[in-house]
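Following the hints, put chain B in place on chain A, whose structure we already have.
As a plain string of letters, each chain reads:
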Amino acid sequence: MVDPRLEVLGRRLSAVDEVIAVASGKGGVGKSVISTTIALALRGMGRRVGLLDLDLTGPSTHLILGVEGVRPVEDRGIIPPKLHGISYMSVIFFSMDQPVPLRGADISNAIIELMAITRWGDLDYLVVDMPPGIGDEVLDVVRLMGGSHFLLVSTPSPLAIETVGKLLSLLLELKVPILGVVENMVTRPTAGVKGRLEVLGVPYLGAIGYDPELDEALGDVERLMGTRFARDVERLAEEVERRLNKINPEHERMK
Amino acid sequence: MHEWSLAEGVVSAASRVAEEEGLEEITEIVVMVGELQQVDREALLFALDQLRTPIMGRARFTIEPIPAKMRCRVCGGEWSFRREALSGDEAEAVHFLPEMAHVYIKCPRCGSPDFEVSEGRGVWLASVRGVRRVG
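Those protein sequences? They're chains A and B, same order as listed. So for the first sequence, the numbering used here puts the first residue at 1445; every next one is plus one. So for the second sequence, the numbering used here puts the first residue at 97; every next one is plus one.
Quick caveat, the hints were computed from the structure, so don't treat them as lab data. Take every hint as true, because none was put in to throw you off.
Computed cross-link-like contacts, DMTMM-like style, restricted to lysine to aspartate or glutamate with a CA-CA straight-line distance of at most 25 Å: (1) A:K1526 - A:E1512; (2) B:K165 - B:E138; (3) A:K1526 - B:D185; (4) A:K1526 - A:E1666; (5) A:K1690 - A:E1617; (6) B:K165 - A:D1447; (7) A:K1526 - B:E186; (8) B:K202 - B:E212; (9) A:K1526 - B:E188; (10) B:K165 - B:E212; (11) A:K1619 - A:D1584; (12) A:K1638 - A:E1678; (13) B:K202 - B:E180; (14) B:K202 - A:D1541; (15) A:K1619 - A:D1568.
Here are the simulated distance ranges between beta carbons: (16) A:A1459 - B:E138: 29 to 35 Å; (17) B:R112 - A:A1549: 23 to 29 Å; (18) B:G207 - A:E1683: 48 to 54 Å; (19) B:E121 - A:A1459: 29 to 35 Å; (20) B:R169 - A:I1578: 22 to 28 Å.
Derived list of chain A stretches under chain B, where covered just means 3 residues or more per stretch with a C-beta under 8 Å from a C-beta of chain B: (21) 1520 to 1528; (22) 1538 to 1545; (23) 1548 to 1562.
C-beta atoms are modelled at their ideal positions from N, C-alpha and C, and glycine is treated no differently.
Okay, chain A solo, but in the shape it has when bound:
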């Protein structure tokens, strides 16, 4: 017995240059806002960008983008709608904003289905917003989206650093490509994250300052991209592209 869904997955991502999985291990560190804003920042740099919300039980990127009244188009699968120039896919198009109570195996199946039906087309970057934890979603991205680069988010909190450290150890053990760790919600310089990364030999991608005006800007993309937070994420986007170009110089020529 062969599962035909798995046959389609690779083909769906065949025209996607780079997959950037934004993960943390810890909840509440700003993964979704960073995923969404980095997708918008890369789009602002003229790149072709997709954003996939893989937080099936707690999606939130649609709230940040202000998604309303759009639906994917059915055409030999599903074509993600374009929002602010970004191809966007989330479980909310199917759950109609109701709670999605899923257990592990169901989450894995839903990810496979979602990836098998979504036709992204040509993209420079597909940004994947990962849920917190080291569960099915992380393991499935590693298993099904080989070559994805992980961008990890921490905060200066020792609790976040500890959890991110565990995810890092796992990814390093699995030999998964890691872009590095960005430190979010920084109010004053601290050495916690940097110190931990030095030990592990993982790049520190910089700090994103705590921006008290960020919450007010969620749902309004123009306002969001005008925040201090967005300035910091734009710098992060440039840094991420620099690093990816270094890893694969061919992509630089194509852009």
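Just chain B now, with coordinates in the frame of chain A:
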């Protein structure tokens, strides 16, 4: 899952099986389709026919539907999937993403969404028949 995505997967998987088994011609492909997927049989057959590769020249596509059954993890209640219990939008959501059943279907006995689809979830390439290459 969408019929076209499914057909693409079936054709690709069958081609791989034929290659591995040294078939020079495929004569029949059997696909088992869980009822929860609500796959339109005609649409799937049409898509399979359109995507047919040379090695599948005159191959027959057989689709075997498997009725969907659910078992509640909380009270142990069992029931069968009823398409007509869902609205049009809900049925379409479950068609594309069968796990959305946990959003729109509850145990008829205790009301819990914590159930397992014990039968009739998923799509499987059950068999590929053909003629082996000689030598």
